[in-house]
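Enquirer: Residue strings, one per chain:
Number of protein chains: 4
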Amino acid sequence: MANKQNSTAILLMHCPDQPGIIAVVTDFINVNGGNIIYLDQHVDRVENIFFMRIEWELAAFVVPKDKIEDYFSTLYAAKYQIYFRLYFNDYVPRMAVFVSRRSHCIYDLLARYTAGEWNVKIPVIISNHPDLAEVGKRFDIDFHVFPITKENKQEQEKAEIKMLRQYGVDFIVLARYMQIVSEDFIRQYPNRIINIHHSFLPAFIGAKPYHAAFERGVKLIGATSHYVTTDLDAGPIIEQDIARISHKDTVEVLIHKGQDLEKIVLSRGVEKHIRRKVLTYKNKTVIFN
Amino acid sequence: MANKQNSTAILLMHCPDQPGIIAVVTDFINVNGGNIIYLDQHVDRVENIFFMRIEWELAAFVVPKDKIEDYFSTLYAAKYQIYFRLYFNDYVPRMAVFVSRRSHCIYDLLARYTAGEWNVKIPVIISNHPDLAEVGKRFDIDFHVFPITKENKQEQEKAEIKMLRQYGVDFIVLARYMQIVSEDFIRQYPNRIINIHHSFLPAFIGAKPYHAAFERGVKLIGATSHYVTTDLDAGPIIEQDIARISHKDTVEVLIHKGQDLEKIVLSRGVEKHIRRKVLTYKNKTVIFN
Amino acid sequence: MANKQNSTAILLMHCPDQPGIIAVVTDFINVNGGNIIYLDQHVDRVENIFFMRIEWELAAFVVPKDKIEDYFSTLYAAKYQIYFRLYFNDYVPRMAVFVSRRSHCIYDLLARYTAGEWNVKIPVIISNHPDLAEVGKRFDIDFHVFPITKENKQEQEKAEIKMLRQYGVDFIVLARYMQIVSEDFIRQYPNRIINIHHSFLPAFIGAKPYHAAFERGVKLIGATSHYVTTDLDAGPIIEQDIARISHKDTVEVLIHKGQDLEKIVLSRGVEKHIRRKVLTYKNKTVIFN
Amino acid sequence: MANKQNSTAILLMHCPDQPGIIAVVTDFINVNGGNIIYLDQHVDRVENIFFMRIEWELAAFVVPKDKIEDYFSTLYAAKYQIYFRLYFNDYVPRMAVFVSRRSHCIYDLLARYTAGEWNVKIPVIISNHPDLAEVGKRFDIDFHVFPITKENKQEQEKAEIKMLRQYGVDFIVLARYMQIVSEDFIRQYPNRIINIHHSFLPAFIGAKPYHAAFERGVKLIGATSHYVTTDLDAGPIIEQDIARISHKDTVEVLIHKGQDLEKIVLSRGVEKHIRRKVLTYKNKTVIFN
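Chains as they are written, first to last, in our numbering: chain A, 1 to 289; chain B, 290 to 578; chain C, 579 to 867; chain D, 868 to 1156.
Hint data in this document are derived by calculation from the structure and do not stem from the laboratory.
The model shown is predicted, which means the values in this text are computed figures rather than measured ones.
Even glycine gets a Cβ: it sits at the ideal position worked out from N, Cα and C.
Be careful, since some hints might not be right.
Just so you have them, the derived chain B footprint on chain C, three or more residues with Cβ under 8 Å [claimed, not checked]:
#1 678–685
#2 690–696
#3 727–738
Dumping the calculated DSBU-like pairs for lysine-lysine here, alpha-carbon to alpha-carbon at most 35 Å [claimed, not checked]:
#4 D/K988 - A/K137
#5 B/K546 - C/K860
#6 A/K208 - B/K537
#7 C/K657 - C/K736
#8 C/K657 - C/K643
#9 C/K835 - D/K1149
#10 C/K643 - C/K740
#11 C/K826 - B/K573
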């Protein structure tokens, strides 16, 4: 979707809300020859925080690309207490996918990847089971198995982290990876691990949400993609959706219907992350248009 | 929606699943001159229970209306372990509405009622606050206030039950009645009190669900209509729906958006109840088409 | 929803897209002591048009309220080719409702109106049939009947326009008013007549859309609220929604299910209009958050 | 989802509605030792037609599998004017997929196929362009290109039909096959060609529906899976769904958002067809539960 021809910078920022803050930032870009092609902002009036995503073309921008962060930091960040991240549309982020035995989410990710929908590189798939090795082969992506037991978990995760670094991975997608990731692992990738949970959180946290949904007799099932934090299924929510069910649907039907939800909700979450549309603040997300 | 011209009987039943059970019941009706105009059935293969709703015209039915229950009971219910309820489309059930201060649900119910959409009579509105007395006046429906305190709750509920009997009330709709109903009260109307809860249960049980949804940063809000049981917000679910929200929505916006959900989800639940489309089994509902 | 305590100005504008245009307008407000509490903007990159809605508190704004339009016009509008409208949150717009025989939409509007949800005054209901006179009485709103025939249409519409002026009406809502309004009438209220059409336009334009939907065997029905233009059912769309149906649903069921859609979709459209969230451009709408 | 362990027969039928018709058919099965595991029926009271899908286990059924059609035909079909089709769950239908250049639909089909979700065999993919040859290779499915021009269309379609016969194809899925199929071709596969159209039909029939949707300024986009008939985009609808869009969405975004709709709506339609849940009657479908 992104315009690949023109190099752009993307600034995601938040700061205490204050009069004229939009003008300050847009002026910095305009005055220095940047052409703003995107601006979306939001003011949280409860927390009194201003959020903005702004993107501009660099062709005529007088500040060199590798100095922008420094300049913006020096000139504005301290003065206005701005917390920001700067991205460039010509950098291709590297994403690892973790899977277990079910293939619907990974296939959905790879179908988009292969079609060139996303500005991303997937160098590696990691699994705790060998079942989906074939998927890696089909799409020419390295596939590594790290079987996890209570005893070897710490060690295996260390090996995974080492491998993720070797592959230069920027963020991780848990595509129905049925294994809880340790706090140590999560701390390596803060707000950079995206999980899909097969319920409309906060309902049915933890294992077997479809069984719990069946037991409760709900008329809707859901799925939630979220950043992984050290609290189980409690991280910042990126995307949710639901499907209607009825008393006729067995647990097996819920699982089957849920798969379509899971894969779409996960892929939408991943897409927003790749496109730098997500800003996290205090366990919640701001999702720019 | 119901055909008012022809008198019909409606049988809601469940029994252990067994070969030929549909034929047994349809034969009883056909052989005796009943014209079946509706049949919907469901087999729960986990519990091994057969559920059916069947409706037939009585014009040429040889069993007198007031003997059908007796005959069906004697001839089939014991033999096949059938639990059943029999209704007639020409009986107008009497519904009481309980309210507090917010009017959106009661107006939605009364708009449908006044337009003649439902085969129901609403003889009385009961409230724990006087705020909506005007609504009763507008629609010419008796409006009674029973202020509830910790001290007088038992006594007030007794007075309410007495009044409900005087009005010949068959079932009760809690239209955003912001007061927990006691177990004693509930036991008087088993599966005959319909509540609207302003979340997609089982998420956000209890008070202030929109505040909790805001805190959690969900991307969907919901509403649930359910029968009231002695477990808070845990009774059989009749209907649920959701609306999409975003980080831009304050608690006030959630409350505002939620009102449309609440009124529609409550009215749909009430309509299904009035039309005898709901069968309750083990804290879950079977909703016939 | 609107903050009634502080007086605010709302500017809706569009102009050819040009660098720094946001800064120009926000500067005008900031420099003159206005506190911006809302800003949403959009750039149409096909038409190359910039759209913005901006709202600011007037308490400390140095330009007198009745001079803002003049100042903004002189200082900026000509220079930047800005087309704009200025509103004040303390003006209560006056809305007329047109109905025929079905009451679900008018009740939904009046329930919200009566609950004080909207910053609007409804001084008059106009109908081509006497059927809903009772609704006017219930809510203490003047109700006038203008029966329309081929012969008297021109004359009756003239009388209606005269009456609308007497009531000081700013905009009109056709709440299932089953009568085509003439081009002359429409020209009196450009983009100020909101209609509800009972299909997902542009499918099933014209009369009897539910019958047409049934005939076609669609699996969804819809409703569309839109501004009325001189092309039948072809004006700018404000809001649409759908409901799922099945082969089991007769035309009567479609009509019944459709009513919930119609009233919600109409009320959402009206609310957006009242809250000055809609900007019309070339037969399409920009809907601000 | 189907139970593969027990051999079952599936009867899809319709006939003029008549008293006792359910009992007639269920008796035939019960009396002869069949165990009914599924029954869903529908009466169209406008056309006065009775529809039923019934499935029973064959283990103890006394009529030999290859005689059931004959017996049912002789004993009942003529007498009750029943039109029926008989299927067996242990026959694996053979499906051909037609594609052009976009891969999202074919990947969604193949992901489900590879995961073993469907009781189907896909022996061949046919395309009018070579672009997706790689997909065939990845999933080890024969891929054949038949470039179509005005001049060679008749001849190429003949070659396609010959090939489809060689592959023993039972039905065809047009997975964004951007080429109109001729009437001659369609007549070879009546109600056995499933297409995905990228709009909520009947809106935006024909080419470029997303462009048309953008032009019209709709707030929803849709997708429709339907059987192909000789009227363009006018065949019996199996499944539809929509997604919400806004003024911010360009045609490119509509196309992108629409892809998720298209693939899910097509796969749902295909699944219903494979599971014998669709009965076609007079250009409309009955979809059993």
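Enquirer: None of the hints should be skipped; say for each whether it holds.
Expert: Hints and how they fare:
no.: 1; hint: 678–685; in the structure: holds (count 4)
no.: 2; hint: 690–696; in the structure: holds (count 4)
no.: 3; hint: 727–738; in the structure: violated (count 0)
no.: 4; hint: D/K988 - A/K137; in the structure: 22 Å, holds
no.: 5; hint: B/K546 - C/K860; in the structure: 29 Å, holds
no.: 6; hint: A/K208 - B/K537; in the structure: 32 Å, holds
no.: 7; hint: C/K657 - C/K736; in the structure: 40 Å, violated
no.: 8; hint: C/K657 - C/K643; in the structure: 22 Å, holds
no.: 9; hint: C/K835 - D/K1149; in the structure: 24 Å, holds
no.: 10; hint: C/K643 - C/K740; in the structure: 30 Å, holds
no.: 11; hint: C/K826 - B/K573; in the structure: 24 Å, holds
Hint violations for this structure: numbers 3 and 7, all remaining hints satisfied.
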